[in-house]
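Number of protein chains: 2
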Amino acid sequence: MINKAVVLLSGGLDSTTTLYYAKKQKYDCYCLIFDYGQRHKKEIISAKKIAKLNSCHYYIIKFTLPWRGSSLIDGGLQIPFHKANQIGKTGVPSTYVPARNTIFISFALSLAETIGAESIFIGANAIDFSGYPDCRPEYYRQFNKLVSTAIPGKKIKIHTPLIDKTKAEIIRLGKKLNVPFELTWSCYSGGRLPCGKCDSCILRSKGFQEANS
Amino acid sequence: MINKAVVLLSGGLDSTTTLYYAKKQKYDCYCLIFDYGQRHKKEIISAKKIAKLNSCHYYIIKFTLPWRGSSLIDGGLQIPFHKANQIGKTGVPSTYVPARNTIFISFALSLAETIGAESIFIGANAIDFSGYPDCRPEYYRQFNKLVSTAIPGKKIKIHTPLIDKTKAEIIRLGKKLNVPFELTWSCYSGGRLPCGKCDSCILRSKGFQEANS
Numbered sequence: 001m002i003n004k005a006v007v008l009l010s011g012g013l014d015s016t017t018t019l020y021y022a023k024k025q026k027y028d029c030y031c032l033i034f035d036y037g038q039r040h041k042k043e044i045i046s047a048k049k050i051a052k053l054n055s056c057h058y059y060i061i062k063f064t065l066p067w068r069g070s071s072l073i074d075g076g077l078q079i080p081f082h083k084a085n086q087i088g089k090t091g092v093p094s095t096y097v098p099a100r101n102t103i104f105i106s107f108a109l110s111l112a113e114t115i116g117a118e119s120i121f122i123g124a125n126a127i128d129f130s131g132y133p134d135c136r137p138e139y140y141r142q143f144n145k146l147v148s149t150a151i152p153g154k155k156i157k158i159h160t161p162l163i164d165k166t167k168a169e170i171i172r173l174g175k176k177l178n179v180p181f182e183l184t185w186s187c188y189s190g191g192r193l194p195c196g197k198c199d200s201c202i203l204r205s206k207g208f209q210e211a212n213s
Numbered sequence: 001m002i003n004k005a006v007v008l009l010s011g012g013l014d015s016t017t018t019l020y021y022a023k024k025q026k027y028d029c030y031c032l033i034f035d036y037g038q039r040h041k042k043e044i045i046s047a048k049k050i051a052k053l054n055s056c057h058y059y060i061i062k063f064t065l066p067w068r069g070s071s072l073i074d075g076g077l078q079i080p081f082h083k084a085n086q087i088g089k090t091g092v093p094s095t096y097v098p099a100r101n102t103i104f105i106s107f108a109l110s111l112a113e114t115i116g117a118e119s120i121f122i123g124a125n126a127i128d129f130s131g132y133p134d135c136r137p138e139y140y141r142q143f144n145k146l147v148s149t150a151i152p153g154k155k156i157k158i159h160t161p162l163i164d165k166t167k168a169e170i171i172r173l174g175k176k177l178n179v180p181f182e183l184t185w186s187c188y189s190g191g192r193l194p195c196g197k198c199d200s201c202i203l204r205s206k207g208f209q210e211a212n213s
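Those protein sequences? They're chains A and B, same order as listed.
Going by my numbering, the first sequence opens with residue 1, and the numbers climb by one from there.
Going by my numbering, the second sequence opens with residue 1, and the numbers climb by one from there.
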């Protein structure tokens with residue numbers, strides 16, 4: 001029997017590698033894509049392309065947070081720029097969306113319960129990351145405990161295969177898994193080309209440099 | 001200083017009593033109303049009326065679950081009818097929406113974090129209820145643990161003041177707090193008048209009978 005998995009797919013490098021990781025393990029993957037008022041739709045377009053390329057089932061959940069509160073969903077706020085060695089070390093940056101991963105995982109849980117999937121995959125990473133609190137291992141340990149009380153009798157588990165990897169390690173893993181990096185989109189801004197200056201661009205670029213060195 | 005609270009308001013008897021309970025404790029209440037593809041909009045209309053009556057801030061979050069899976073959001077499925085003494089005792093009924101409360105609380109968490117509220121109120125009840133797993137005390141205990149890791153440095157707590165009360169006790173509390181019961185809507189169906197036959201109608205009617213006897 002093929003096991004089903006729900007994969008949170010943002011269209012970025014990490015979540016795409018996570019999808020390929022889950023596929024490598026022979027899961028029948030149901031991708032969950034969120035349209036939550038991001039500054040741009042580039043990552044959603046990437047996510048859809050990647051899901052289609054892999055003939056995955058996919059769902060797009062659309063919502064807006066009317067209270068905003070993050071530069072990632074509020075065009076009136078400035079995306080912050082840090083030097084590479086400052087990223088994740090100057091407190092939680094303004095790109096953090098309050099409780100975003102909690103919201104995403106809740107929807108994943110709903111889908112998993114409905115289709116009978118026992119696995120949820122998320123590409124969260126706590127090494128080369130921006131310091132978001134909902135990317136840390138302790139948060140996922142606790143969420144798995146919540147899941148066991150929220151949905152008794154079913155064994156649904158959240159998997160975070162990239163949590164302790166550096167960006168370079170993720171890229172090396174992605175290469176092994178034949179991840180089409182050219183289809184992924186990481187930049188926080190929505191220009192025609194990646195800005196090269198935001199935290200996400202810097203982490204990505206640094207990762208490729210290290211992975212290739 | 002007036003403390004802020006996020007109150008999950010469905011427009012039903014329990015959540016409205018919970019709002020009045022929070023207001024009695026002098027919280028500045030921010031109501032969160034969900035438009036998630038319910039069979040009817042009656043409860044949303046009720047919730048808005050109640051929030052406005054109390055001059056509360058309120059937000060409506062709109063989303064749909066494309067995978068459906070519940071008779072509460074899938075008009076093609078039949079709402080189940082039970083006898084009063086069977087409700088909550090025949091397994092989880094088809095009105096259960098997978099992970100619904102987890103989704104609702106995640107949004108509440110996002111709002112609480114954004115506005116600096118330390119309290120989230122939800123009218124969950126585990127006595128006269130339909131047997132939904134996400135209405136039980138253990139689930140909320142675990143969610144509070146998750147919150148402390150999801151949002152470090154902030155003390156946000158989920159309060160469930162009705163969790164161990166019978167429907168009659170909730171109604172008596174509501175009476176004391178001057179809850180406008182006539183504005184609340186509990187029926188799962190969306191007729192002009194409550195159907196009187198669904199679990200929610202039966203629990204409500206039984207509660208009023210017991211509270212008045």
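These are computed hints drawn from the structure, not numbers from a lab.
Wrong hints could be hidden among the right ones.
For identical chains, the list gives no copy identity; a pair is met inside one copy or between any two copies.
Computed cross-link-like contacts, DSS-like style, restricted to lysine-lysine with a CA-CA straight-line distance of at most 27 Å [unchecked claim]:
| no. | residue 1 | residue 2 |
| --- | --- | --- |
| 1 | Lys83 | Lys155 |
| 2 | Lys83 | Lys157 |
| 3 | Lys206 | Lys157 |
| 4 | Lys197 | Lys145 |
| 5 | Lys49 | Lys62 |
| 6 | Lys83 | Lys145 |
| 7 | Lys155 | Lys26 |
| 8 | Lys48 | Lys154 |
| 9 | Lys83 | Lys23 |
| 10 | Lys42 | Lys62 |
| 11 | Lys48 | Lys23 |
| 12 | Lys165 | Lys62 |
Evaluation of the provided hints:
1. Lys83 x Lys155: Cα proximity of Lys83 and Lys155: none, with 42 Å in one copy and 31 Å across.
2. Lys83 x Lys157: Neither: 36 Å inside a chain and 36 Å across chains, both beyond 27 Å.
3. Lys206 x Lys157: For Lys206 and Lys157, neither the intra-copy (32 Å) nor the inter-copy (39 Å) Cα distance is at most 27 Å.
4. Lys197 x Lys145: neither (38 Å within a copy, 36 Å between copies)
5. Lys49 x Lys62: This pair counts as both: shortest intra-copy Cα distance 18 Å, inter-copy 26 Å.
6. Lys83 x Lys145: neither (37 Å within a copy, 34 Å between copies)
7. Lys155 x Lys26: within (18 Å within a copy, 41 Å between copies)
8. Lys48 x Lys154: neither (29 Å within a copy, 36 Å between copies)
9. Lys83 x Lys23: This pair counts as neither: shortest intra-copy Cα distance 35 Å, inter-copy 47 Å.
10. Lys42 x Lys62: both (15 Å within a copy, 23 Å between copies)
11. Lys48 x Lys23: within (16 Å within a copy, 45 Å between copies)
12. Lys165 x Lys62: neither (30 Å within a copy, 36 Å between copies)
Hints 1, 2, 3, 4, 6, 8, 9, 12 from the list above are not met by this structure, while the remaining hints are.
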